[in-house]
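K.L.:
Position chain Y relative to chain Z; hints supplied.
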Amino acid sequence: MNVQYKKGVLELCVLSLLNRKDCYGYEISEYLSKHINIADGTVYPILRKLKNDGMVTTYLQEESGGPPRKYYSLTRLGRDTYISDKEEYLSFVKAVEALLEEDRK
Amino acid sequence: MNRNEYLSRLKTELKRNNVGESEDIIEEYEQHFAFKLADGFSEEEIAAKLGSPEAVALQFKGERSEDKTSGSKGFIIAAMSFAVVFEAIVYILFFAWAITVFATSLASAGIGIALITRINPSGLIPYMPYLSSLIFGVCLVAFAVCLAAASYYFFAYAKQIVKASIRWHKNIVSGNALPPLPWSPQFAAKTKRKLRTVLLWSVTVFGVTLILGMVLSQILSGSLEFWHAWNWFV
Numbered sequence: 273m274n275v276q277y278k279k280g281v282l283e284l285c286v287l288s289l290l291n292r293k294d295c296y297g298y299e300i301s302e303y304l305s306k307h308i309n310i311a312d313g314t315v316y317p318i319l320r321k322l323k324n325d326g327m328v329t330t331y332l333q334e335e336s337g338g339p340p341r342k343y344y345s346l347t348r349l350g351r352d353t354y355i356s357d358k359e360e361y362l363s364f365v366k367a368v369e370a371l372l373e374e375d376r377k
Numbered sequence: 005m006n007r008n009e010y011l012s013r014l015k016t017e018l019k020r021n022n023v024g025e026s027e028d029i030i031e032e033y034e035q036h037f038a039f040k041l042a043d044g045f046s047e048e049e050i051a052a053k054l055g056s057p058e059a060v061a062l063q064f065k066g067e068r069s070e071d072k073t074s075g076s077k078g079f080i081i082a083a084m085s086f087a088v089v090f091e092a093i094v095y096i097l098f099f100a101w102a103i104t105v106f107a108t109s110l111a112s113a114g115i116g117i118a119l120i121t122r123i124n125p126s127g128l129i130p131y132m133p134y135l136s137s138l139i140f141g142v143c144l145v146a147f148a149v150c151l152a153a154a155s156y157y158f159f160a161y162a163k164q165i166v167k168a169s170i171r172w173h174k175n176i177v178s179g180n181a182l183p184p185l186p187w188s189p190q191f192a193a194k195t196k197r198k199l200r201t202v203l204l205w206s207v208t209v210f211g212v213t214l215i216l217g218m219v220l221s222q223i224l225s226g227s228l229e230f231w232h233a234w235n236w237f238v
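Protein chains in written order, with our numbering: chain Z, 273 to 377; chain Y, 5 to 238.
Calculated directly from the structure, the hints in this document are not laboratory data.
Since this is a predicted model, take the numbers as computed values, not measurements.
Among the hints, a few may not be true.
[Unchecked claim] In the DSSO-like style, the derived pairs of lysine-lysine whose C-alpha atoms are separated by at most 27 Å in a straight line are:
1) Z/LYS279 / Z/LYS321
2) Y/LYS19 / Z/LYS278
3) Z/LYS342 / Z/LYS321
4) Z/LYS323 / Y/LYS196
5) Y/LYS15 / Z/LYS279
This is chain Y alone, in the form it adopts within the complex:
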């Protein structure tokens, strides 16, 4: 077998065994021939020493079969594309949830600030003494901070699952295994500590001011159901 016969048979065998990047491989064998010819070997000798194209192609295939792409590639790609549609629904829900939490946080902060500053846009806020208003205002701002921290986490989470699943898809389809990404967000230790402190404090302030505000309003209004005493729902 001469050089050209060997290379073309190798090419066919590589294709038959679904080995990718066959041009790259062929190039390596072309160089091998070139070097050996320069050393004075004949094409037939070189081909014989290389081993049969069938055996060589099988060795290239051997390394591939360890990958997960053992089934037909077209089927895998089709299945993965189908899966993407359902995954996208989950991602959109995740992002929507994060946005909802963030919007609630903004609303809560707005009302809280209105209560503290006694600004009453178009009479939306019902009557209460300023002390109650102040405490409930602080309570709502604390709630807003807590929700803002939570929405920060939810955004990070949503972003991470999208990233991780893109990596997962890529690995399955292309077969070259990159390290899988974690499915939960990875914060720096400092960020994590800060997030935890903010959450802990805001929840504590929220709880304490809520109870304090309720009790104080009940005392000030002289009624357990202070909202009726102050005619909130009339």
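Next comes chain Z alone, as it looks inside the complex:
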């Protein structure tokens, strides 16, 4: 699938995950690659973009027996964006589905 197209959808997936709980980068990467077939390296540019856009913030948290992990947390803007983008995406998908069904007849 087209990378640019996929990226927008992946952003939504990341927001969805972070809406449930704060995660560190690797956690997000694992979660996404478990569900969607993408290169592992794709997640970090998305996280950076979300941070630059003010959708997420980061904080460091000490872990027992390891270096501190960088956690990503949804900002207020991120949450609002997620809610509206989710609605938009779902109605878009529904419309595309209906369109493709039309094609089958």
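P.N.:
Okay, now just chain Y, sitting in the frame of chain Z:
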């Protein structure tokens, strides 16, 4: 490709694509390697799953190219510094204007009070009957209040354009877009209402007392040009 090769190639590619904060990015990939190694994957496997450093770096660049910093950064900074010189002239003019208006307000208030209290510092104020003097005094004080309110607004305006343009410069040079600031001063609704009331009243009082003072002086002196009747310019 092993871990170190991957990371150093990624670093080179990031630099080549002018991606900022590359240490921060590399750190994230180092952690990725650490986690995957702990899960029992080999360095080669991990590198292969990450995607090529070239492709990864391009994705970091992709988010940057949407910013306005598409041209050479050095050129933009030089141009912006050049622009600052001209902008500074405008700011100084704005502030000078506000100061001038405020000084005029002070002078006007001083003369007005002198007229009302009949204090005549070194005979500067020419002869007129006290009634005229009182009305013109009130007129000048009203004028002073009006100018003071205006200078308050001009100061706020000058301050705001400086703030807004600093924000604008920062956004263009650094590329991370903060919301732009408005170019006109933003007052609280209460302040705005107060300012408007003060201006309206002072202008009204100024206009009414000016006309009243002129007409009254003409009647008292029995001449349309009362300033000649009272020998102001002799």
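K.L.:
For every hint, state whether the structure bears it out.
P.N.:
Here is what the structure says about each hint:
no. : hint                : verdict
1   : Z/LYS279 / Z/LYS321 : holds (11 Å)
2   : Y/LYS19 / Z/LYS278  : holds (25 Å)
3   : Z/LYS342 / Z/LYS321 : holds (16 Å)
4   : Z/LYS323 / Y/LYS196 : violated (37 Å)
5   : Y/LYS15 / Z/LYS279  : holds (22 Å)
Hint 4 from the list above is the single one not met by this structure.
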